[in-house]
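Residue numbers (our numbering), protein chains in the order written: chain A, 212 to 390; chain B, 212 to 390.
No wet-lab data here; the hints were simulated from the structure. There's no promise every hint is true.
If chains are identical, the list can't say which one is meant, so a pair holds when it fits in one copy or spans any two.
[Claimed, not checked] Here are the computed lysine-lysine pairs in the DSSO-like style, where the Cα-Cα straight-line distance is at most 30 Å:
{"id": "1", "residue 1": "K361", "residue 2": "K220"}
{"id": "2", "residue 1": "K366", "residue 2": "K388"}
{"id": "3", "residue 1": "K242", "residue 2": "K361"}
{"id": "4", "residue 1": "K300", "residue 2": "K227"}
{"id": "5", "residue 1": "K370", "residue 2": "K220"}
{"id": "6", "residue 1": "K242", "residue 2": "K366"}
{"id": "7", "residue 1": "K271", "residue 2": "K340"}
{"id": "8", "residue 1": "K300", "residue 2": "K230"}
{"id": "9", "residue 1": "K361", "residue 2": "K213"}
{"id": "10", "residue 1": "K341", "residue 2": "K300"}
Given next are the chains, with one letter for each unit.
There are 2 protein chains.
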Amino acid sequence: MKKWKILNKRAGVTGKIFKHFHVDVEVPQSKQQTTFDIIATLDWVNILALDQNLDAIFVKQYRVGKDQITLELPGGAIERGEDPLIAAKRELQEETGYTSDQWDSLGSSAVNPAFMINDCHFFLASNCKKTHEFNFDEFEEIELELVPEKELVNKIERKEINHSLVELCLTKYFLRKNN
Amino acid sequence: MKKWKILNKRAGVTGKIFKHFHVDVEVPQSKQQTTFDIIATLDWVNILALDQNLDAIFVKQYRVGKDQITLELPGGAIERGEDPLIAAKRELQEETGYTSDQWDSLGSSAVNPAFMINDCHFFLASNCKKTHEFNFDEFEEIELELVPEKELVNKIERKEINHSLVELCLTKYFLRKNN
């Protein structure tokens, strides 16, 4: 199986957190041509941050995509050229005021290779402590919620935690823990 | 915590698999207004299909978002108003030629509440048999690959399986199996 040939990439709309491109491609075998749309964003990071009581630190915030208040792990965009671990430490502190001196990678995934270019990096921060005040972006309005580690799977089952990348970070953690 | 107020939703670019909207919102407390971009797609379905030997049926295909050939579970878009399970049965048969008479839900997730409106539904199809020929869309070029169930976690670790929603379907399955 061969990769398709990218003939041209034309800029479409530019949003706050993504750029859209029209991509003209050619199928190698048939030489047929078609156009796809792709969404380009920065890479992202998601952090499972556990404090000394094994409570996980969650952020509660309004999300316009689903028009819902959601319960999510701390996370955000990795700046261009930034090391994912540095971004994870920065985002955890900015969004929650917590820091940790014990960081482990839980891997990374392609968010959606069909039409998105970016990866999401997952980290476990253990033994977290509240050492700083919040430092919100202008339009961030965030409440913290502590969820005991042993209630996380139930919260997924009840869809109180339902963001696919947040769930993936948690299920990767449990899979590693159980193996 | 209150939901933000959606003031207006203006159509942006229309892609093959998504529509983009500019959404004007007001923060309830401060009355400040801002505009977000959201990506609207149909809901999706992903199927972990195991045959009688406990081999999982994967599809190998070129994906323009990452410009890579990827190994993914069968899946696709749920047509408007279609039952997710019906869509799962249809997609499995169309993409692989396999069918099953033993279906279980593995739950559903919001793909990304920050800027996407859609959900992804996950299913386990057991005891699958090859009963039909492939039925590709015009620009689908797909090879099947069977992966023994006990090699799935290794393939995730080695990033041979790396699509976030595919990984989530698999980790949900293993979490359920281990509990």
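Now for the hints, and whether the structure bears them out:
1. K361 with K220: For K361 and K220, neither the intra-copy (47 Å) nor the inter-copy (40 Å) Cα distance is at most 30 Å.
2. K366 with K388: both (18 Å within a copy, 18 Å between copies)
3. K242 with K361: Close neither inside one copy (54 Å) nor across copies (39 Å); limit 30 Å.
4. K300 with K227: This pair counts as within: shortest intra-copy Cα distance 23 Å, inter-copy 37 Å.
5. K370 with K220: Classified as between: cross-chain Cα gap 27 Å, same-chain 38 Å, threshold 30 Å.
6. K242 with K366: neither (49 Å within a copy, 32 Å between copies)
7. K271 with K340: Answer is within: at 19 Å inside a copy they meet the 30 Å cutoff, but 44 Å across does not.
8. K300 with K230: within (26 Å within a copy, 34 Å between copies)
9. K361 with K213: between (45 Å within a copy, 28 Å between copies)
10. K341 with K300: Classified as within: same-chain Cα gap 13 Å, cross-chain 48 Å, threshold 30 Å.
Hint check: violations occur at hints 1, 3 and 6; the rest are consistent with the structure.
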